[in-house]
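Novice: Chain by chain, the residues run as shown.
2 protein chains.
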Amino acid sequence: MSSQHVTNMRAEIAEQPAALRATISALLPRAPEAGELASGTRHVLLIARGTSDNAAVYGSYLIQVHAGRLATLASPSVATAYRSRVDLSGVLAVALSQSGQTEEIVETLAWARDCGAATLAITNGAASPLAEAAEVAFVTQAGTERAVPATKTFTTQLAALAVLAIGLGAALDPGELRGVPDEVEGMLAVPQQDLDPIVTELAGDRGVVVSGRGLVYAAALELALKLKEACYLHAMGLSYADLLHGPIAVVDARTPAILLAADSGPALDGTVELAQRVAGAGARAYGIGGGDRLAAACTRALPGPRLPEWLAPMGLIVPGQLLTEELSRRLGLDPDHPRGLSKITQTA
Amino acid sequence: MSSQHVTNMRAEIAEQPAALRATISALLPRAPEAGELASGTRHVLLIARGTSDNAAVYGSYLIQVHAGRLATLASPSVATAYRSRVDLSGVLAVALSQSGQTEEIVETLAWARDCGAATLAITNGAASPLAEAAEVAFVTQAGTERAVPATKTFTTQLAALAVLAIGLGAALDPGELRGVPDEVEGMLAVPQQDLDPIVTELAGDRGVVVSGRGLVYAAALELALKLKEACYLHAMGLSYADLLHGPIAVVDARTPAILLAADSGPALDGTVELAQRVAGAGARAYGIGGGDRLAAACTRALPGPRLPEWLAPMGLIVPGQLLTEELSRRLGLDPDHPRGLSKITQTA
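Here the protein sequences line up with chains S and F, keeping their order.
Residues 1 to 348 (the working numbering) are what the first sequence spells out, left to right.
Residues 1001 to 1348 (the working numbering) are what the second sequence spells out, left to right.
Simulated from the structure, these hints should not be mistaken for lab results.
Incorrect hints may appear among the rest.
[Said to hold, decoys possible] A short list of chain F residues far from chain S (calculated; beta carbon distances all over 12 Å):
#	residue
1	Ala-1026
2	Ala-1031
3	Gln-1064
4	Thr-1080
5	Asp-1182
6	Gly-1186
7	Pro-1197
8	Asp-1269
[Said to hold, decoys possible] Short, incomplete list of chain F residues facing chain S, as computed with Cβ under 10 Å:
#	residue
9	Arg-1049
10	Leu-1070
11	Val-1091
12	Gly-1143
13	Arg-1146
14	Ala-1235
15	Met-1236
16	Thr-1255
17	Asp-1263
18	Arg-1330
19	Gly-1332
Everything numeric in this text was worked out from a predicted model, so none of it was measured.
Note that beta-carbon positions come from the ideal geometry of N, C-alpha and C, so glycine has one too.
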């Protein structure tokens, strides 16, 4: 960063190991509370917007793949715009909001409770309206976040969702979750050699496709949102399947793809094939994670975390955050203060 | 279109009134079958990809807003990539695929049945594997669709979902549904004055944001997908709320917004305000529907259907289809055969 001041976004990216450590320590002992709250329910309904919605996507895959429960995303406007009555007996409603102050989310969680759901909040706002509206509140320990693009509040939301999945009975090792902060710290300590050339190349593009499959899809969505927010890039976050259902047509010499994958798991093969297809179409393919196989299939690649697939999104987003922050500055923008955005978004 | 031949896409757009008429006639008498199938279930799980996924979004809002049931979207890779076992008792699984041959969707519906769900298919393929895999098949009557970008198969899927909502007990007037084909026919008969200038302006853009709220959100997603498929535009389909949570930053002098709304309903006010905000930021706002109020707030506007909000998406997509087809030709592309795409997408 040479003579430039360190942006809040860059500082907060670096605060993630500590934020994750504090969050996991505070919440892991409370996993059984989620299990008790969920007894008698069969379906998890996740309520969120923006970055928190991307975290919710991770939660939906994690709970379905590892806890054997249906977990899907709510449409808040059913509650807030239409004020419809929906039968939510047998449902655990989980609302996510970093501030805990977004009225639409608070209102939707209250609606879910009125419709018969059990309610849990995941928020960084300990005394926030959202924490107060829920029967159980998992408060993340991210500290104050000053940059508008969320970073540490996102990764700590993922950690809270991992605790929730464990509480819901997922056969996952809490010890592996406890290892995440060290792994993220290790990633931040090593300079990413390809970061600078990727930033240079992306600085000439107006659009990019960001893709990942299954558990990693959430990290792809989140990276696309960061690039839209802080770099004004036309960044499309797409699942592997949805990319093949149409939008693959937009990938070309001026529109690269950024592909994310864990080092293992059933999504890796398809992501490697997708990288080969993108490169074969004459477009640049940038890899994040996916081990040597994805790196070999891509034009350039950033190493991902050495974490099992279920935890990989917490590490995979980190090179994407660094890329976003550096590209934003390279474009002469201020990553901390994107135009048109404020820290708490009210959409009611 | 002067001396150019009529593309398949343009011809199929014009076939929609007949396709809708045949579909509604065939399916409306069968609405009670859906009600019987759904007895004992509380939650509708929609399974789809691509254009069918956009139709599913309409179904999820319609069923939640008007039939009082939770209705959310599945993540097919939970079934196909992870092969997870999820408790789906009390769930009606509804799979949508125009061909009925997409293996991922057939496989996910079979998985849902094995996990305890009741199963219904919505497909244009009468003897397709999807129709055969479901307990009840609602077969749309769109006829053969030759252009790769789906048009009449999309609108007939919406009609089938409207029948499903009625079968699930929604207090909606089937007579209004029967009136849709005539209204779409009327829209197609009147030239849209602003279409040509909008095409001219969009031909110089690389990106566009497409937005709508609530029931109309599905039509916005579908228009964005059409523009990606047939015009290679970086078209982002975003809900009203998600647009305000970050991506509003990308709207600028080179990135217009296309905003869709019904002439009535709780989403209209917010869409008019969004148009004012986009125009106030120095960007072009193009309206589709939303009556005089949305047109007045926009730079240019295309009239929408005179339909109640619950049916408006079937008409609102039509000016978007015409826009896509004309823009694709203007850009020197072939709307019938986008690069990288084939009619049946296999993603398994």
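Novice: Hint by hint, say whether it matches the structure.
Specialist: Cross-check of the supplied hints:
Its beta-carbon lying about 27 Å from the closest one in chain S, Ala-1026 (chain F) satisfies the requirement of being farther than 12 Å from that chain. Remark: the non-interface label on Ala-1031 (chain F) is consistent with the geometry, its nearest Cβ contact in chain S lying 20 Å away (cut-off 12 Å). At roughly 5 Å from the closest C-beta of chain S, the C-beta of Gln-1064 (chain F) falls inside 12 Å, breaking its exclusion from the interface. Consistency note on Thr-1080 (chain F): stated as away from chain S, yet its beta-carbon is not over 12 Å from all of that chain's, at 9 Å minimum.
With 12 Å as the threshold on Cβ separation, the claim that Asp-1182 (chain F) sits away from chain S holds: the shortest Cβ distance comes to roughly 27 Å. The beta carbon of Gly-1186 (chain F) is kept farther than 12 Å from every beta carbon of chain S, the shortest such distance being approximately 28 Å. With 12 Å as the threshold on Cβ separation, the claim that Pro-1197 (chain F) sits away from chain S holds: the shortest Cβ distance comes to roughly 23 Å. At roughly 9 Å from the closest C-beta of chain S, the C-beta of Asp-1269 (chain F) falls inside 12 Å, breaking its exclusion from the interface.
The interface hint given for Arg-1049 (chain F) holds, since its Cβ lies 5 Å from the closest Cβ of chain S, which is under the 10 Å cut-off. The closest approach between the C-beta of Leu-1070 (chain F) and any C-beta of chain S is roughly 5 Å, which is under the 10 Å cut-off, so the hint is satisfied. A hinted interface residue such as Val-1091 (chain F) counts as satisfied when its beta carbon comes closer than 10 Å to some beta carbon of chain S; here the least separation is about 7 Å, so the hint holds. A least Cβ separation of about 22 Å between Gly-1143 (chain F) and chain S goes past the 10 Å threshold, and the interface hint is therefore violated.
Checking Arg-1146 (chain F) against chain S by beta carbon gives a least distance of about 17 Å; that is not within 10 Å, so the hint is violated. Evaluation of the Ala-1235 (chain F) hint against chain S yields a held restraint, the C-beta minimum of about 9 Å falling below 10 Å. Given hint, Met-1236 (chain F) at the interface with chain S, holds; its Cβ is 7 Å from that chain's nearest Cβ, closer than 10 Å. Interface hint at Thr-1255 (chain F): satisfied, since its Cβ lies 7 Å from the closest Cβ of chain S, which is below the 10 Å cut-off.
The interface hint given for Asp-1263 (chain F) is violated, since its Cβ lies 16 Å from the closest Cβ of chain S, which is over the 10 Å cut-off. Of the supplied interface hints, the one on Arg-1330 (chain F) is violated, with its beta-carbon coming no nearer than about 17 Å to a beta-carbon of chain S, more than 10 Å. Nearest Cβ of chain S to the Cβ of Gly-1332 (chain F): about 14 Å, over the 10 Å cut. The hint is violated.
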